[in-house]
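**Student:** Chain by chain, the residues run as shown.
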Amino acid sequence: MRLCLEKALREAIALATGRGGDMDLLRKLLSLAGQGCIADEPGPGRDLHDLVGHMLVRISRADSDALAESVGLLSILVGAIRDWRGTNSGATIPAWDRVPRP
Amino acid sequence: MGIDAPNLQGANLFQVIVTGDHAAQVQQNMHRGEGQFQSQLGMAAVEKALRARDQSDATDMVVKSQEDNAQFSTGDSLRGGGGGGGGSEEPRSSSDGDSFFEESEQGGSIQTLPSPFEVADRFRAVLVQGGRAIGERTFRAIDRRFLAGLLDQPA
Chain A
0 MRLCLEKALR EAIALATGRG GDMDLLRKLL SLAGQGCIAD EPGPGRDLHD
50 LVGHMLVRIS RADSDALAES VGLLSILVGA IRDWRGTNSG ATIPAWDRVP
100 RP
Chain B
0 MGIDAPNLQG ANLFQVIVTG DHAAQVQQNM HRGEGQFQSQ LGMAAVEKAL
50 RARDQSDATD MVVKSQEDNA QFSTGDSLRG GGGGGGGSEE PRSSSDGDSF
100 FEESEQGGSI QTLPSPFEVA DRFRAVLVQG GRAIGERTFR AIDRRFLAGL
150 LDQPA
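Here the protein sequences line up with chains A and B, keeping their order.
For the record, in the first sequence the residue sitting at position 102 is 101 according to numbering that gives the first Met the number 0, with numbers rising by one throughout.
For the record, in the second sequence the residue sitting at position 119 is 118 according to numbering that gives the first Met the number 0, with numbers rising by one throughout.
Please keep in mind that the hints were generated in silico from the structure rather than gathered at the bench.
Any given hint could turn out to be false.
Said to hold, decoys possible - Computed from the model, here is a short list of chain B residues facing chain A with C-beta under 8 Å:
hint, residue
1, Ser114
2, Arg121
3, Phe145
Quick reminder that beta carbons are idealized off the backbone N, C-alpha and C, glycines included.
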C-alpha cells in the first residue's frame, strides 16, 4: 500500500508540475490502492478507502484543482504511513529522495 | 423381446428411445440457431481478446479488472453509473467491472468528500494515537486483500 501510494504521489507531482507523468497510471494506482480497502472497515481503512475514492473521482472528472489536491492528500497519507512504519514496525524506510525511481 | 421391457442395466428401452428422439429434436433446433450462436461466440471472443490486450498494457502492476478506454469512465462509474450523481454523466458500461467499484457499490457509494483534508488528518491522527496495533490490523487486512487479488481469490 505504501509503495502504491508513493508511486501515485510521484505521478501526481509530475503531472501537477507539468514534468511528465501518466494520468492513466495515476488512476490505475489509485484504483489498485482502493482494491485493498473496503468501505465498511472501521478506522483508518475506511478513511483510506474514502480518500482514494475521492481522489479518483476528482481526477477522472478532470477537475481543475484535482491534481494539486491529490498531491496534498497523498503527501499526508504517505507521510503518515511512513511515520507509522518507522516508529512502530522497526523498519528502515529509505528517504523519499533516495527511493529508486522506475 | 418387447420394446417396453427392461434392459440389463434396468433402463426402460421405450423411455430410452423416446428420450433419444427428444434429444435429436433438440439438437436439430440447436443447429437452426447455430448461426446466431456462432456470431455471439465470435463477439465474445473478440471482446475477450480486446480485454486481454488492454490488460497487458499495464507493465508493472496488477489491476484485477481494466476500465474501458472511455476518457472518464472511471469517474462516471464511481459516481454511481447514473445512480447517484449529476445528470450529465455517461451511463456506466456493464463490462466496466472494476472490483474496487463493485465492492464500493456493495459497501457504500464512492463520492467526493466535503472536507478530504480533515479525513486525511484523522487518518494520520488515528495512526499516531492508535500506535502499532491499529496500524498493523489495518495494513495486514489491506495486504491480505492485495494478495487475494493477486491470486484472484476472495479475501
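**Student:** It remains to establish, for every hint, whether it holds in the given structure.
**Tutor:** Checked hints:
Taking 8 Å as the C-beta contact cut-off toward chain A, the hint placing B/Ser114 at the interface is violated, the least distance being around 10 Å. Interface restraint check for B/Arg121: the shortest CB-CB distance to chain A comes to about 6 Å, inside 8 Å, so the restraint holds. For B/Phe145, the shortest C-beta to C-beta distance to chain A is roughly 5 Å, which falls under 8 Å, so the interface hint holds.
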